[in-house]
Each structure stands twice: as structure tokens, then as C-alpha cells.
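Take a look at the letters that make up each chain.
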Amino acid sequence: MPLNFHRPSSLREAMDLKQDLGEACHFLAGGTDLMIQRNRGRKIVGAVVDLSRLRGLDRIEPLGDGLRIGALARMRALETDERVRILAPALAEAARVVGGAQVRHMATLGGNIANASPAADTVPVLLALAAFVVVLGPNGERRVPIAELLAGRGRTTLQAAEIITHVELPRPARGSAFLKAGRRKAMEIAVVNAAVSLELDAKGLIHAARLALGAVADRSLVVADAEAMMRGQAPSPELFKAAATLARDASRPISDVRASADYRRHLASVLTERALTLAHKRLVAATTGIPA
Amino acid sequence: MKAPLTLDVNGMRHELEVSGETTLLDALREELGLTGTKKNCLEAECGVCTVLLDGKAVNSCILLAHQCEGRNITTVEGLARPGSLSPLQQAFIQHGAVQCGFCIPGMLVTAQSYLDELDGRAPDRDEVREAIAGTLCRCTGYSKIVDAIEAEALRLNAARWEAC
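For the protein sequence lines, the chains are H and Z, in the order given.
Remember, my numbering sits 1 above the position in the first sequence when you count from 1.
Remember, my numbering sits 3 above the position in the second sequence when you count from 1.
Any given hint might turn out to be false.
Unchecked claim - To give an idea of the chain H side of the interface with chain Z (calculated C-beta under 7 Å), a few residues:
#1 LEU4
#2 ILE37
#3 HIS106
What the hints assert, rightly or not - A short list of chain H residues far from chain Z (calculated; beta carbon distances all over 10 Å):
#4 VAL49
#5 ASP51
#6 ARG54
#7 LEU64
#8 GLY101
#9 ALA120
#10 PRO139
#11 ALA152
#12 THR166
#13 ASP219
#14 ILE291
Treat the hints as calculated values from the structure; they're not laboratory data.
Cβ coordinates follow ideal geometry from the N, Cα and C atoms, glycine included.
Please model the complete structure; the sequences and the hints are all you need to start from.
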């Protein structure tokens, strides 16, 4: 099927093209999902507007104590960037298990969000890191919490000509962790994944706990019950076990070729407990200077 | 509709006319006759179509040719000078890493990208396995392929120490 290729030289031109070309026109960034869906005949792609060469949108830079990441930052860059590894280890971990090296050289952070797969690896991390997404549209820029962009399986609240330009991680998340269970170690879509982030107050009590799961609902799922339950508590194995139970209960997975719903609920619990334990170790290490 | 396209492949500039839906893989094979890059799954799962784009391994089956205008593409044919083999290719032969051979062009390009990124650091066998996870071989069980890549990485590491 014919495909018209467009390479705009600015975001403005990209938005204009998308508005003119309508429904069958898609923004193309890494292409690691769009092009596969097209090759399989699952998606009609009459035209693409290639965003992948827009300048400056792949930068990873400091933002206060946190980070500002361009939407075109590749998974490989997130995996290897020293600041990401220190300030948001969960994000580096998630980026590292997206596809093989080839896919990680192409796939972008903005694409992973816009694609809205319930099994996306970086999206639960962005939820657990309380990330904001900067979106540019014909009517200007807006900055929204990542959760507000997710509308269901493959669906976002992005308007037709809107483009994700940046992701902002407002606070450092040294006490964060990401774990993924697949049927094999590499090149695998998550059966379940879990991302957590912990912050402690001066007394060593949990000031904020954030927890999100992937592949257990129609979109990446924040486990608000567990977050509220942990707040103000002292971190302990018992507390993390209780949070894991809440994560299991909040999960609404399906059964499919990869796993049964029961097994996914079990994984939600196991991964939550392990990720909280790992995040806590990292936080202690970051605070005391003693490696985890 | 075909449109003009300039592609830089293995250090040579080519002026082509290709349609918007043409993948880089098809442009390499059908327009330039570079059939070392193989065609198989078309969904970035198997890695036989791997080429270097500005030095980094990518799946040419999910890249549009027009996306690659002005970028440097290296295929397996470009790893060595004509009539010779690259050190990595020689290591594959020495370690008996090739059986049917279909995955080998993609495997060599994937491994070259890893070695370039490694930049003389000491290799780690698990890291080598992880680096080639996106390129499948259904004959060898990978052991000899990993042996070959590891040996070449060790040679590059030793060469770096000698240069100090």
C-alpha cells in the first residue's frame, strides 16, 4: 500500500502537515511499533510525518533536581545515560529491557507513551516517578501528569495534531526500581512489570511511595491504595508485603497467550514486593553512601 | 509515488528514485543489489536485516528508506574492504561460529555495533549475549558465536592496553 513520506523541519510544520493530512497520517518517531503494525497489515498508514530528525528533541538535561528528557531520546540513551542511572535508575532499567539492541537504538520515550500499550515498559516508571509530559499542539503547549494522557489500550488523550516534546521528572528518584517478568529474559513483551519510587522523611518514614504496574489492566495502572497505605509508615518487609497484596487486588489482568489472569495477579504481588525492597535498598545506599 | 533519494551506503553515495513505502531493507536489496542484508520477519524480531545507521545497529525492515537520507549506512558488505575480511569476520571463522549462515550477516553487524560501543573495554560474556539478543540464530545454539565475539572483544581490549 502506498505511503506518502513527509519530513518536516520544525514542530510547527509537523503539526500543520498532520492537520492537513488527517486520519491515515501518523507521526513517526522510532517506528518500532508503527512500522511493525503496518508491515503486519494491522494498521493503515497512508502517510507519515517523520519526527525522528527534529533537532534537539533527544536531549537529556538537568531540570532543577530532576531531569528533562526530550521525547526523541532513544531507549539506548536512557539505558546508558549516567544521570538517568543515578537520578532515575528505574527508567534506565525499563529502557534496557525494551526489545533488542537494534530496537533500543530506534525506539523513543515519546513513542512509548504515545503508543499507549498496556504492557509498555517505560510508562509505569513515568507514573511511579510522577512525570509530567509536555505536549505541543496547534493551540500552544500544555504540561500534564502522565496519568492524564493514558486513556486505554492504544489510546491517549492527545489531540490529533499534538506532539509530545518532553518528559519532565521533577524530582530525583534515587530510590526507584523497575522489574519485568517475561517468558524469557530478552526480546519479550512484559507479562507483568512493576515500577516503584520511595522517598523517606528526616525520621526515616515513608514520605511518598509511588507504585505502578504494567500489563494488568487496559493501561499502565497506578496502585493508589498501596501508595496511601505506605505513606507515613516505616519501611519494612511486612509493609512491602502488605503493599504487594494491595497491588494484586488492584490488578485487573486478562488471560492470553502469554499468561493467565491468575498468574499475572501473582506476578503483580511478587514484583511489587521485590521492587519495593530493591528501591528501599537503593535509597538507603544513596543516603548513606554505602552501595546496595 | 517515487521521489528522489540520496543514500550513503558503505561510503558510496547513491542517487535513487524510490516510493515512500520502500523500506531501507528493500532499497538495499532491490535497488542497490546488496543482498547480504537478509529479509525475513519484517517485525524487528529476528535481526537478519540489521545494518548500521550512523554506526548503530538498527532493523532495516522497519525503517523507511526516505528516513535515512543524509545518514551513514553500513551493511555487512561494508564491514571489510573488498577482498579481505574484518577481524570480527575472521573470528567467526576461527571459532566455527557459522552453520547455515543465514543469520550471520545480521549477527556480524549487530556484534560490530556492540564492539564499537564497547570501545576497548573488557567484555563480559553475559553482556555479549545480551548485546546479540535481538538477532536470532536457529542453528548454532549461540555458544560459538559468543566465543567469536568475546575473542574479538578481548583482542581489542588487549590492543588498547598495548597502546597505553
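| field | Enumerated hints in conflict with the structure, sorted upward | value | 4, 5, 6, 8
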